[in-house]
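So you can see what is in the structure, the chains are spelled out below.
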Amino acid sequence: MRLQTATRIAIFAVVELASAPERQLSAAEIAERFGISVNHLAKVLRTLGRAGLVEALRGVGGGYRFRGNAKRVTLLDVILLFEPVGPSGEGDREPGSETVEGRALRRVLGEIDDIARATLSSISIATMLKLVAQQEVPPAPEQAGKRAAKALADAAG
Amino acid sequence: MHVRGRTSIIAIVHRKADTGTPAAVVVRPAEASDLSTIVALDTEATGLSKAAYWKERFAWYAGGHRDRFFLIAEHEDEPVGFIVGEVRAWEFGSPPSGWVFAITVKSDARLHGLGTVLFDALCARFRKAGARHVRTMLAKDAQVLMSFFRSQGMMAGPFIQLEKRLAP
Chain A
1 MRLQTATRIA IFAVVELASA PERQLSAAEI AERFGISVNH LAKVLRTLGR
51 AGLVEALRGV GGGYRFRGNA KRVTLLDVIL LFEPVGPSGE GDREPGSETV
101 EGRALRRVLG EIDDIARATL SSISIATMLK LVAQQEVPPA PEQAGKRAAK
151 ALADAAG
Chain B
1001 MHVRGRTSII AIVHRKADTG TPAAVVVRPA EASDLSTIVA LDTEATGLSK
1051 AAYWKERFAW YAGGHRDRFF LIAEHEDEPV GFIVGEVRAW EFGSPPSGWV
1101 FAITVKSDAR LHGLGTVLFD ALCARFRKAG ARHVRTMLAK DAQVLMSFFR
1151 SQGMMAGPFI QLEKRLAP
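If you read the sequences in order, they're chains A and B. In terms of the working numbering, the first sequence opens at residue 1 and continues consecutively. In terms of the working numbering, the second sequence opens at residue 1001 and continues consecutively.
Possibly wrong hints are sitting among the right ones.
Think about it this way: if two alpha-carbon atoms lie no more than 25 Å apart in a straight line, the pair counts; the simulated SDA-like pairs of lysine to any residue are [said to hold, decoys possible]:
1. A:130 / B:1144
2. B:1106 / B:1057
3. A:130 / B:1157
4. A:71 / B:1107
5. A:71 / A:7
6. B:1140 / A:1
7. B:1106 / B:1137
In case anyone wonders, no lab produced these hints; they're calculated from the structure.
The task is simple: from the sequences and hints, build the whole structure.
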């Protein structure tokens, strides 16, 4: 599967901003980090802003900040802002698509689309951040337990 | 009575206001007295009550076999979740691997990392039993559950599940 440039830029920007949600980054800083065009990134950030995934902060020290829920926003959510995933719809059939061969091929390709959607919809931005940090030593089970304990205690007030 | 293994106190949750005593999340092997709670937790999660099914599964997984695990997460003496799995070997040509068959956390205790605690506890037992991988199988549309397992670092494995409708 290949993603369009704007989609890739969007994923990079969202992951970069979500890695430190309190931090503000300028478009130039993000563009430099990934070696991409600032102008292209600015357009992408506007789309992400309209979708409520990033926030533009103006003034001195302004920039962009992640404002989604990293555990809830998935790769599919980001991708669908820029391109469809899977069949593009009934309206744009290609030549031969209504033949028996075309229908058989569509069935096979649909299987791939289903898996792609299931995969992309199951990878949250938080999970992406873990994948990014995969080279780091994973937390020990005891640490996970302490995190759960703290979360429960916080919830209990 | 614990069916198998030791109880592990793996998390200090908070101090009770009256005594200052730490309350803990405990992961322990399931006991026969947990069966009704297991059925209730599953019913809450799935909307279907399957008492007979869980009785049979309990006998299989909590029966003391060294490669099968039925674990309960308990907070302040109340079961708040469970996980079930076993180490299986050489099916589909696979060396010993841990399989997660079920995981459930009580709805009002979710989003606090208890699923991770249960998953880690089961993985530790799988490792001890000789497994080097942990696997599970999910419906493609089970997005919440799939996201959970993804968040634990699980990725697509080397197998693809195929099926065919049988002609009547």
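- prompt: Hints broken by the structure, by number, lowest first?
  reply: Violated hints: none; all satisfied.
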